[in-house]
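Student: One letter stands for each residue in the lines below.
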Amino acid sequence: MNIFNNAALLIGIPLLFAFSIPLFGFISKQLTKWVTIFVIGFNATFSLYILLAHKFPSVVVMGNWVPPFGENLYVGPVAVFLVTVVSLIGLLIAIYNLWAIKGGDVTRFSVLFLMYIAGASGIILTGDIFNLFIFMEITEITSYALAAYGPERRALGGAFKFLVVSSIGSTLYLLGVMLIYTQLGTLNIAEIAARIGQTTPGLLTFAGVLLISGLAVEAELFPFNGWVPDTYTGAVNGVSAALSGIGAIAGVYALFRIVMTVLGKDGMYVLTYGKLDLMAVIAILATATVVIGELSALTQKNVKKMLAYSSMAQMGLVAAGFSIGSTLGVYGGIFQLINHSIAKSMLFLIVGVLVAAGVGERIENFKGLWKRSPFLSLAFTIGAFSMLGFPLFAGFWSKFAIVGASIQRGGWYDFIIGLVLFASVAEAFYYLRIVTYIFSSTEMEKPKIKVNLSPAIPIFILAVAIVAIGVYPNLIGNFSMQSAGEFTHKMKDYVLNVIPTITAH
Amino acid sequence: MQVFLQNWIYLIASVSLIGVGLYIVLTKENIFRIIVGLNIIESGTNLFMIAIAWHPKAVMPIYTATDHLAVNGKVIAADPLPQSLVLTAIVIGLGTTALALAIGVKIFEKYGTLDVRKIKEAEK
Amino acid sequence: MNSNIIWLVVIPLIGAAVSAIVVRYKLLDRIVTFLTFATTLFVLFSVHVGDSYLWSFKFLGTTLNLTFGVSHLSIFMLYISVVFGTVLTFYSLIDRSKMKGFLLLLILAANNWIFMANDMLGFFFAWELMGWSSVLSVLGGRETENSRHSALYYAMMSIAGSYSMLFGIFILWRLTGTFSIAANVSYLSSTLGMHPWWVLGIVSLFFVTFMIKSGIFPFHTWVPLAYAYSPDSFTPFLSGVMSKYGVYGMLLFLPISLMEKGFPSAFGGIPWANYTFVWIGVVTAVVGTILAIFQDDVKKLLAYSSLSNLGYVVAAIAIFSPVGVTAGIYHAFNHLLFKGALFITLIAVISRTGTSKMSEMGGLWKKMPITFFTFFIGIASAAGIPPFNGFGSKWMIYQAMIKQHLPFAIILLFLASTGAFMYLFKAFHSVFLGQLSHKYDNVKEVSVIGQIVEFFLMFAMIFFGVQPGYILKPIGAIVSSMGLKPLPVMANGYVTGMFSNVYVPLIGWSLAISFIFGFILFFVTAKHKYVPQENNYTAGQNPQDWGLTPETYQFSWNFYQPVEKLFAPFFKIKVDGFFRGVGDWTKATGSAIKEIFVENAQMYTFFAVVGLIIFVIAGWVA
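Chains as they are written, first to last, in the working numbering: chain A, 6 to 510; chain B, 3 to 126; chain C, 546 to 1167.
Do not rely on the hints blindly, as some may be mistaken.
Stated by the list, open to error - Pulled from the structure, derived: some chain C residues nowhere near chain B, Cβ distances all over 12 Å:
{"#": "1", "residue": "R687"}
{"#": "2", "residue": "H694"}
{"#": "3", "residue": "I838"}
{"#": "4", "residue": "S962"}
{"#": "5", "residue": "F970"}
{"#": "6", "residue": "V993"}
{"#": "7", "residue": "Q1012"}
{"#": "8", "residue": "A1057"}
{"#": "9", "residue": "F1060"}
{"#": "10", "residue": "R1125"}
{"#": "11", "residue": "A1133"}
{"#": "12", "residue": "A1137"}
{"#": "13", "residue": "N1145"}
{"#": "14", "residue": "A1146"}
{"#": "15", "residue": "F1151"}
{"#": "16", "residue": "V1166"}
What the hints assert, rightly or not - Simulated restraints on C-beta separations:
{"#": "17", "chain 1": "A", "residue 1": "T447", "chain 2": "C", "residue 2": "F966", "range": "37 to 45 Å"}
{"#": "18", "chain 1": "A", "residue 1": "L57", "chain 2": "C", "residue 2": "S734", "range": "45 to 53 Å"}
{"#": "19", "chain 1": "C", "residue 1": "V1161", "chain 2": "A", "residue 2": "K60", "range": "41 to 49 Å"}
{"#": "20", "chain 1": "B", "residue 1": "I14", "chain 2": "A", "residue 2": "A293", "range": "29 to 37 Å"}
Simulated from the structure, these hints should not be mistaken for lab results. Since we're looking at a predicted model, the values are computed, not measured. A virtual CB, placed ideally from N, CA and C, is assigned to each residue, including glycine.
For reference, chain A alone in the conformation it holds in the complex (with noise of 0.2 Å):
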C-alpha cells in the first residue's frame, strides 16, 4: 500500500511520539513542546498533502480486514477537510504552547496535548462506531486532564464537572451503540448506514435518543452542555483554545456523522429512521443553546466566561445549520464550525496573552487596548466580528448560508431562525462592547504590552486567516461544500465509496 495513502499515520504518529515524549522529557522539556509542534506539523502538512493533492475518498483497511469485517478508517472530503484544520490549528496552539505553558508538568502536558490531537484525529478519520467510542474516551479523558492543567483551583472545579457530565455522556452513547449492534450485528458506520432500514423503529429512536444524549455532551448542546462554562474559564488558555477549536470539531462531528449518515435518510432534505425525526430534536435542542447561550454572555463580566458561553451559543448555531438537513444548511454548518474554531481559538489565545500581561480578564480591564497594544486589538475585533458576522471577516458567509438554507427550508424553521437572529442581537451588543473598550481612550497612561513571537505568530496567523476568509469565502467554501455532500448523500458518497458491494435496505 502507497506509504502516502495510509492516513492512519495521522493517529499513529501522534499517539506513537505522545508516549515516546518522556524520553524526550529526560533531555530537556523544551524539548518535548518542540517534538509535539513537529508530530503535529506532520500531521498538518499531511493531511494538508492529502486535501491538496485530492488523494481522497479512500478507506484504510486494517490488516487487510476489508469493510464491513474489520476496522477501516474512511478518508473522505469530511474527514481530510476536518482533520486538516484539526492539525493546522493544534499546530498554532502547540506554537502558543512553547510560550504559554512553562510551569508545571511539560512533558506531561505535551504528552496529552498530542494524544488529544490523536484523538480527535481519530474521531474524524475512524469508519467504525465502536472505535468512535474509543477515540473519544482518548479526548476526552485527555481533556479532563488538560483541563485541570495549571496553578488555578478552578481548573479542577471545572476539569471534574467536565468529567462527571462527559462520563455519563460517553455511557449513553456506548448504550445506544450496543443497542444498534444488538439490532444489526456490526459496528461499521458504512454497513449500518446502509442496513439501518432493519431494525425495529422503536429501539432505533432509543437507541438514536442515547446516541444523541452522549454526543451533545461534547457537542456542547443544551441541557448536556452545563461543563462548558466552568471548564472553559477554568482551564489555561491554551486548553481553552484547544477545546474550542479542536474539541468543538470533533464533537460536531461525531454527533452529525451519526445522527446523519448513520441514521439519516437521504432526500431533499436529510430526516431520521426511528420513531422521532432525530434531526428535528436537534434543531430545537441547537435553538434552545444558541438562544440561552447569548442570553448568559450578555451579562457575563468576565471575557473568558462569555467567550465560553459565546462557543457554546456558536456550536448552536452550527447545529442548527447542520439540522436543517440541507445540502445548503450542512454547507454553512461546517463552514460555521471551521470560522468558529478560528476565530475562538484567537480569542482564548489573545485573552491568555493579557492575562499574562497583567490586563486581566475582566471587560474594564480591556479599556483603552488600543493604545496599550494595537495588534491584541485588532486582532480582537478582527475575531469578534467573524464571530458578529460582519462582512470581510469569515463568519459572514456562514451565518449567511446557514439563515438562507433555514429560510430556504421554510416552515417552523423560520421559526428558528428568527430566535437564532434575536439572540444574534444579543451576541452583538457583549461582543461590540469589548470592541468599544478596547477603542475608547482612557485618561490613565498605562505600559504598552510586549508580545512574544511565540504567541504573537498563532495570533496573527489566524487573524489572517479570518480576513483571507472573509474576502473570498471559498478558500473554505469548496471544501465545505464536498463535505456537505458526503452528509447528506449517504449512499452515494459515504457508504458505496467504503462498501461498494453493498446495497441499501
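Got chain A; can you put chains B and C on it based on the hints?
Tutor: Leaving out everything else, chains B and C in the frame of chain A:
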C-alpha cells in the same frame, strides 16, 4: 423477537446498576462517592454489553466445539465481539476512574473540601 | 459592461488598506483618505448611466451573480456622496479629531456598492460593511464614555435592522429564486393584487432597516446620540451622506406602490400603506423639530434637525407622485448640502473652542467671520429662505402635499418649519452672535484649507439656490426612470411646481437689495458700542446679589424656557425608553438564565438526565 431480550434478568440487573449509579451521582455530595457512582454506571454498561452477547443455550464461539445446542433449529454461539469490546470499556473506565480520583485528591488539596456543592468559584 | 464601475468599490478598499497601514501618522492618513476620495471622484467621471458589471461567484452551492449597474438614481447619489466626501476629507486635512481614515474609506466602498448594487446579496454585504465601519467611526468622539455608549446604541439598532433585512432577502429568495432587486420588486408588484398583506409584511422587513438607518420615527433614538458624540469630522458624513442610504433603499422599493389594484386607498387616493408612511414622515419632522428646540449641545440640535429634515424627505417620497419624488430627492440633496456645511463649520468652531455647548459659546462672528458667513448661509438654507438652496425643495414638498389633499399633514409640516426657524435661530445666535466670552479672546479663524472649503460650500449653497435647474434636471431623469411623469423642464433658474414656477434669481436679487439697504441703514444710523458680557442690563446693581453667575448671562441660557414649559408634559413620552426597556428586559432574562450555569457537577448531570428522560418520553409518544 430480539434474541438478546431473553437475557432479561441480566439486562434488568445492568439497567438497575446504571440507575443506582445515577442515583448516587445525583444525590451524594462527596466527590469520591460520585466517582464510585460513575464506576457503578460503568459496571452496569459492561454487564449490558456482556448480556446482549450471551444466551443461556449458546456455545463458546470456537469452530471446533462439537456439542451444538440448537435454538429454534439454529446453533447459537455466544457473540465474541462485545466481550472483546467490554475489555476495552473496562480499561477506559479504569483510566477515567484513576484520573477522577487524582482530580478529586487535588480538589481536596486546593478547595479543602470534598463537597461538590462547595466547589464553586465566587462570581467575580 | 464597463469595468470602470468596479473600481469605484475597489479603489476605496485599496485606499483603506493603505490608510490602515499608515493609521499611526495622522496627516499621512488624512492625505491618503483625501487622495482616495479624489481618485474615486475621478473614476466616477468615466461612469455613465447604463453601465453594468457582472461578477460571477460560486457560493451557496450555485453560481451567484454579483451585478453592479448604474441607474439615474445611483449616479445622482454617487456624485453627491463622493463630491461631498471629497470636500469633507479635504477639510479634514487640518482636522485633529480621532476619525480614522480607513473606516471612512470602507464606508465609501460600501457607499458606492450600495448605490450600484443590482442584487440583494451585494446590497446586504455593502450594507453590513457600512454598518460596522460606521459604528467604529462613531467611537472616538471627544467625550469617550458618551461616544462609546452611543456607538453601542447605534450598533444595536443597526444590527437589528440588518437582520430584519437579511430575513427579508431570503424570504424573497425563497419565493423568486433570485437575488436581483429589480426582479424581486417586480415580483412583489405583481403579487400585490393577490396578497397585499403578505407583500406589505415582506416590504416592511426592508423598510424597518431603512427607517433605522435614516433615523425615522420611531427608530430615531440613536440619531442624536450618534451624531452628537461621533468625532466632529465624521458627523458631516454621517448626517449628510449616511442618512440618505435609507432614503435610497426606500426609493428602490417604492415603485411597488404603483400597483394600486387590490390595495385599499386612503384619503387623497394614495395607497393606504403610503398614506401611513407620509404620516410617519410628518411625525418625524415634528418630533425632530420640537426636540431640537430644547437642545443645548449644538451638534445634538443639528442632529434633531437632520431627523426633522429626513421626515420631510420621507413624507415627500412616500406620496410617490412626480412632484413628491422630485421634491423628496431634491430635499435630500439640499439637506446634504446645508447640513454638511453646518456640521463642517461646526468642526471649525468646536476645534477652536473645545466645546459643543451653546451656552458656553457666543460672539464668535468677530473671530471667525468666514465660518460665520458659511454657517449663516447654511442656517438660511435650512430654514428655507429663498435665494439659498433649501427653499425650492420645501416649497415643492408643500405643493406635493396640497396636490394629494393632505391638509393636516401640511399644517403639521408648516408647524415644523416654524419650529425650525426657532431652533436654527437659537443655534445661529448662540454660537456666533451675542457677546464673546473672555476665554475665547485668542480664538482664530480656521486655517486656509478650511476657508477654501467654506467658500466652496457657500458658493454651492447659493449656486444651487439660485440655479435649481442644474439639480432638478438629473432628478427629472430619475423620476422618469421610475416610471413617473417628470416635471416639465424649465430654465435653470426655475423651481418647477404644480401650480406655478418660481424664478429664484428674481427673489434673490430683491432680497439682496433689501439686505444691502438694511446694512447701509445699520452703518449710517445707529451708534453701537461693544460691552463685556457682565456689563449689561444691570443698572448699576451687582448681579451676583441675585445669584447670577457669568455663564447665566450668556444669551442662550434657557433660551426657550417658556416654550419648554409648554411642551414639558410631552417629554414624558419617551420612545427611547421602549428600546432601553427591551434591552433591560433582555439583560434581566440573560442574568436569570445565567444562573443555570453556576451550579455544580451534580446539577449539570441532572440537567442531562432530565433532558434524556424528556427525549425518551418524546420518542415514546411519537
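Student: For the hint 37 to 45 Å, verify it against the beta carbon of T447(A) and that of F966(C).
Tutor: holds, 43 Å
Student: Just double-check V1166(C) for me: nearest Cβ-Cβ distance to chain B has to come out over 12 Å.
Tutor: holds, 21 Å
Student: Mind verifying the non-interface call on Q1012(C)? Its CB should be farther than 12 Å from each CB in chain B.
Tutor: Non-interface label stands for Q1012(C): nearest chain B Cβ at 66 Å, farther than 12 Å.
Student: So is F970(C) really clear of chain B, every C-beta pair being over 12 Å apart?
Tutor: holds, 54 Å
Student: Test the statement that R1125(C) is away from the interface with chain B: the closest C-beta pair must be farther apart than 12 Å.
Tutor: holds, 25 Å
Student: Taking the closest pair, is the beta carbon of H694(C) still more than 12 Å from chain B?
Tutor: Consistent with the label, H694(C) stays out of reach of chain B, its closest Cβ about 24 Å off (over 12 Å).
Student: Measuring Cβ to Cβ, find out whether A1146(C) lies farther than 12 Å from everything in chain B.
Tutor: For A1146(C), whose nearest Cβ neighbour in chain B is about 5 Å away, the distance does not exceed 12 Å, so it is violated.
Student: Quick check: does the Cβ-Cβ distance between L57(A) and S734(C) fall within 45 to 53 Å?
Tutor: holds, 49 Å
Student: Is the claim that I838(C) lies outside the interface with chain B correct, judged by CB distances over 12 Å?
Tutor: I838(C) clear of chain B: closest Cβ-Cβ about 46 Å, beyond 12 Å.
Student: At 12 Å, judged by beta carbons, does A1057(C) keep clear of chain B as stated?
Tutor: holds, 70 Å
Student: Confirm or reject: V993(C) is not an interface residue toward chain B, with every Cβ-Cβ distance exceeding 12 Å.
Tutor: Holds, since 55 Å exceeds 12 Å.
Student: For S962(C), is the shortest beta carbon distance to chain B beyond 12 Å?
Tutor: holds, 55 Å
Checked against the numbered hints above, the structure violates hints 13, 14, 15; every other hint is satisfied.
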